[in-house]
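Each chain, written out:
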Amino acid sequence: MVPVEYYIILSAILFSIGVAGVVFRRNPLVIFMSIELMLNAANLAIVAFSSVLNSFSGQIFVFFVIAVAAAEVAVGLALIVEIFKTKHTIDVDQLNSMKG
Amino acid sequence: MEFLLQPLTLLTFFPLLGVLVLLFIPSDNKSALRWTALVTTLVTFGISIWVLTQFDASNVNLQLAAQYDWITVAGWNIQYYLGIDGLSILLVLLTAFLTPISILSTWTAVEDRVKVFMIFFLLLEVGMTGVFLAQDLFLFYIFWEFTLVPMYFLIGIWGGPRRIYAAIKFFLYTMAGSVLMLLAILWLGIYGGTFSVPELIQQGNIPANIQWWLFFAFAAAFAIKVPMWPLHSWLPDAHVEAPTAGSVILAGVLLKMGTYGFLRFNLPLFPEAAVRAAPWIALLATIGILYGAMVSYAQSDVKKLVAYSSVSHLGFVMLGLFAMNPQGVAGAILQMINHGLSTGALFLLVGMIYEQTHTREIKVYGGLWKITPVFGSIMLIVSLSSMGLPGLNGFVGEFTILLGAFGSQAIGNTAYAILSALGVIMAAVYILYMFQKMFLGPQGEIVDEVKKHGHALRDLNWREIVTVLPLLVFIFWIGLYPKPFFALMAPAVENLVKMLPLP
Amino acid sequence: MHLSETVNSGFFFLAPWLVFAPVIGLLINIIFGGWFMKRSWGERAVGVVASLASGASFVVSVLLAWSLAAGHGEAVIVPFLEWIHIGSLELDWAFRVDSLSTTMMLVVSGVGTLIHIYAIGYMHEDVRFKGDPGRFRRFFVFLNLFIAMMMILVSGDSYLMLFVGWEGVGLCSFLLIGFWYDMDTLGRPSWANSNAAKKAFVTNRVGDFGFLIAAFIMFWAFGSFQFDEVFEAAHSVAPGVIVAITLFMLVGVAGKSAQIPLYVWLPDAMAGPTPVSALIHAATMVTAGVYLITRSAELYTLVPQAQYIVAMTGAITALFAATIAVGQYDIKKVLAYSTISQLGFMVAAVGMGAFVAGMFHLVTHAFFKALLFLSAGSVILGLERGHHHAEHGHHEEHGKGKTKSPKGEKEGKRKEEHHEVFDPGDMRNMGGLRKTMPVTFWLYMIGTLALAGIVPFAGFWSKDEILLDASRHYPAVYILLSIAAFFTAFYMGRQIWMVFFGEPRHEAAAHAEESKPIITAPLMVLAALSLLGGALNLPFEGFHQLGHWLEYTLHEVEALPLDLQVAGISTLLALAAIFLSWLIYGRNPLKTGQPDPLKKPLGFIFTGMENKWFVDEGYFAVIINPFKKLSQFLADVIDWRFWHDWFHDTVIAGTYNWVSNIGLNLYADQKGIDAFANWLGAATQSISATMRKVQNGFVRSYALSVLLGVVLIVGYLILK
Amino acid sequence: MSGELILFLVLALVAIATALGMLLNRNSVYSALFLVMNFIAVAVFYLLLGAPFIAMAQITVYAGAIMVLFLFVIMLLGAERLPDAKVLPRQKLFAYGLAAVLAAETIYLLVTRARPEGIVLPPDEAANATGTLVALGKTLFTSYLLPFEVTSILLLVAMIGVIVLVHREKGVQK
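Protein chains in written order, with the working numbering: chain A, 1 to 100; chain B, 1001 to 1503; chain C, 2001 to 2720; chain D, 3001 to 3174.
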């Protein structure tokens, strides 16, 4: 008996928290986690819509998102490890070679 | 699977398979990397020959088409649409032909980051083949832009001392032109409801005043690529800084993308505007021919000399295209091939001597023919082909172009052809200047200079001869018996010319 | 191809072998020549292969001529290859066998073969004097290539095929003039020879440009390049078009046949080995222009105005070049200017419509000029031998075999000044060769008499026919040519006296040796032809064989009987000139170091003759240097400094940088973003402070700006 | 107020709280653990929404595999805490502000514009759980076969990529 809006609102809140994490945390691992959180929030919204519309498509989409997220995390963490090996830090503020 | 086994799809994307294999080869196993790339491109060439056997020259329509809906949303109708016809087949073959040769030329010239080099090269081949095969404007644009990326890196990583500057310049210039083209493509796609070129040609209901703008937008992209005078300023930089193989592909194929664009899009899509523009294009082409030839003569850097000669040669191609009669257009297509062969070979040869001497200054050379007779003789043949000696390929193209331009209704003035024919004299002047200063005369200082470093100048080795030999075969073949080449394109060319509303 | 059914009869099917025989010869020499050259008999093998190839061509020519005669002289077209077919352009490679082309074939392959044989002996010594025996093979490859190209030229059935050969022989000329590309004519390291080669090619290209334009007009006016079709269509076209065609063609002729204003390359072409000068620059290639006009007889006869221009060009060239020949000291240069002058005779003849006379002179000239050049070559070799001999005698302590080795040269400079630069072609170094080289002397005499036009040598008959025709129709041309004939006899007399009479003016001349039979034998054949060549077309009733023969092709031929008055005047002029030359050069032979006796009386005129009337200098000043300067200017100033550096790098890239730095950074970034921030109404100061560091390199602040963008866009969507 | 709604609200509170915990905790190990709890909460939401398969996937893949990976990496690099730094001092403030604005905007936009109508049914009513799973599997392996395969290739490529990235050639020392 839960109105679907509630899920949407929850999803939006979680997403925004993730966004905030990406923007102000300096630890790339936490940034990564925040991204995962954002993905989760999106998944939640999709599943909610899927349930309302009584269709599988949403769930399947979420399934793919989870799979892609897994791949992304694997590669991303590997990159972080590699960056740490070369720069000996993972503080994103130290990694400013893009400075213009 | 059916999708992948279509000849044209296979031809376009086969090098990707090579890329995949390359990824699994350790980067210090250089010879395996080279062989993989070479074999891949040779197989691609084989596929292109197979396509040729499937090709029916008498059919003026697109053949072996692969057509699928790709992106169809909100009134957009973008297709994956490859096709080949008489206008493009020779260029496709040229691409597939020159790539293995270029790879062979890097055998000893590229020692640094071979793996990445080869990957970029194969990607470049995908892009180039795609450009010549795409029949959907959107797809074409993607391939068109895609070629920039590998080329950018080829120049920027393996180039000469000013490579970054040259690479960025190359990238920005071609990009700047393409932006206008993208706008025109979007306009066309929305207006016509499709991005498919044959369909757009069939609709053919673009108002004349809009045609003019669209023609201009397309022409901007292509003219920079050709490059037409006065938009040629990126060319000498790119050519001089690019590694040998990059120069070969740049001159041999990438520049042809510009002229091909005029042929494939500007002429049939905007016929009224094209006819209206013909005298102006002819004027620019003529200036380009004479200007390129004169500037070429004054160069002291041999690569720059060849680069400027490209401006002159491509001027001939443009003149032929906008002569808008079968002689001119067919000559222009053939001249695209010829330029690819001759200038490609010139860059190869210059690269071979550069590898030994590390200088491109003409004045330090001299008397090389005596020291390296085989090299000198091959260089002579290629030079003669470049200056249009009858019996070699250059003449057939230049002659038919000038003949077409002389009697062209679209250009409407014989002066352009006559002035351009002066370019033939000037070609002799700068080519012979180059040949004389490098190969004739007394021994140049570079010979002793090289000896000081412990090894004398050597003649071409077998690998180098094998690299150039296929080019020589075609230089003679086209010169002596061009009929099969004309036969491939003649029906398509005549069909195209018929569509143009000549005055 | 209305005549092609006759191909099957006779030997016409052999026509392609005219070209292929020499091509096979050159391929053999390219592929196996290197292997040959490693053997002791290698040079001979290479030479024999090349000579056989050329000889095969001659045999084919003879067979074709025989078949043609058997078939009553009707032109036969042997199709061979479809060349360029596109649109209305249908260009085929076909061989045209008619009396005109077979005449040329016979001359080219006949004289060519003799010169091949001669060259075996000549080049054997020449490559050794020049110190690079490896180049022997290359010479014969080029020579065979030349025969092949010349055959394409004369046997082509369309103007385009003719053009293919036309450019092809130009290439061979380039290659052979620049044969000793790393030295000058004296064997010193220099750019001179390669410059001469380049000059020849470029000048020829200027002529080819004219030819090309003529071809373009022809195609768009007549729709074809094929001879018969062109001639047929020509009758229904406005004469103005034909005038344009013929005059542009004349530019081509001027280039190839060394007429004013494009003759300048021919004297320099003497940088090539002597057989080349004989074959290409005297007997065959340079006559291609004459052949072209004769071939286009049907076009030229339609437009008398153009004919007049052609005739005058020829006549003026004949006289002009003859005057220069008087002032030359190099034995080959004299002959070169003589060739230009004689080509002027021919061009004048064909310009006047006296095609038979022109062709007749072409044939006889091929004989006696080849003879003269080859004999001159023999003289030069003789002097080289003498010089070699003398060097050995004087510098035995050095034991240096090669006079040309730089070291030897340097030492020579220290010891004896005059040994350092010995020019074996300079007539001032000769004298008295009559005794040391008697065979060459007599051969040279025959050539000279033929060229001077003394009865009954071949040159007399052919030159007389031209003069006769001119006296009937073009008095101005007649006068010019007669004066030229006088000069001809004079400079040839001068040459004979200077070279063969008097006392040796250099020890090389004193020690000169006669050449071997392989060199003199071909000369004797040519001498016989120079002596008897006149029989081809004797101006008597019942003779005129060449005229009749060419009539098959040219249709109307005017057969003039001998005019004693014209013949008498020309003979008298020639004899007078020879006598005059004896007075000046023969009676008191030149001494070593003495200036030319003409120098004083003629003054600046002789200086002009000596310096070729400063035409080369004029061209340099008017055309070549301005061209160089212009291209330098275009390349450096316009293209690079202005267009590349200033416009693209400074203006375009600079403006972009300025806009992005100054404009965006200062203006948009500070004020624009500030304004945004104000509009957002929250924490103005700190936002702008953060925002000002847009390019700070911190990933997080980039992410922040992305977020800001997202917020703004979503906000916009809400407010919309 | 039905039981379900109560469950939802409690879980929502947990989810938000754990998310904030992840966000604010300075020790990244705690962050990771908070995130695990968050994921579990979300998994329960999936169950509530009648998507048991997704819920299971969420638990195993996210809460299980991925987060373990995170923890490993954190420990491997010793990156539990980063030293304090005073760059970009106001970043945090903006992040909060903008995130809040974003949340408000998104909620407003989704609720008003998208107008999702209807009520989420209780799980047993929504569909027979087993039936859902079978149908889901069928759909996945019929109409979504190609994307499924592509995903598998993607995972393979990611795997290879990770190996390539982390792998060091023998003897090559940095």
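If you are wondering where the hints come from, they were derived from the structure by calculation, not from laboratory data. From a predicted model like this one, the values you see are computed outputs, not experimental measurements. For each residue, glycine too, the CB sits at the ideal point set by N, CA and C. Any given hint could be a false lead.
To be verified - Computed cross-link-like contacts, DSS-like style, restricted to lysine-lysine with a CA-CA straight-line distance of at most 27 Å:
#1 B/K1363 to C/K2435
#2 B/K1363 to C/K2038
#3 B/K1363 to C/K2516
#4 A/K85 to B/K1115
#5 B/K1451 to C/K2629
#6 C/K2038 to B/K1370
#7 A/K87 to D/K3092
#8 C/K2435 to C/K2516
#9 C/K2599 to B/K1370
Claimed, not checked - Listed below are several chain B residues computed to face chain C (Cβ distance under 10 Å; list not exhaustive):
#10 T1009
#11 L1432
#12 V1497
Stated by the list, open to error - Computed from the model, here is a short list of chain C residues facing chain D with C-beta under 10 Å:
#13 L2531
#14 L2532
#15 R2700
Which earlier hints can't be squared with this structure?
Checked against the structure, the hints that fail are numbers 1, 2, 3, 5, 9, 10, 13, 14, while the rest are satisfied.
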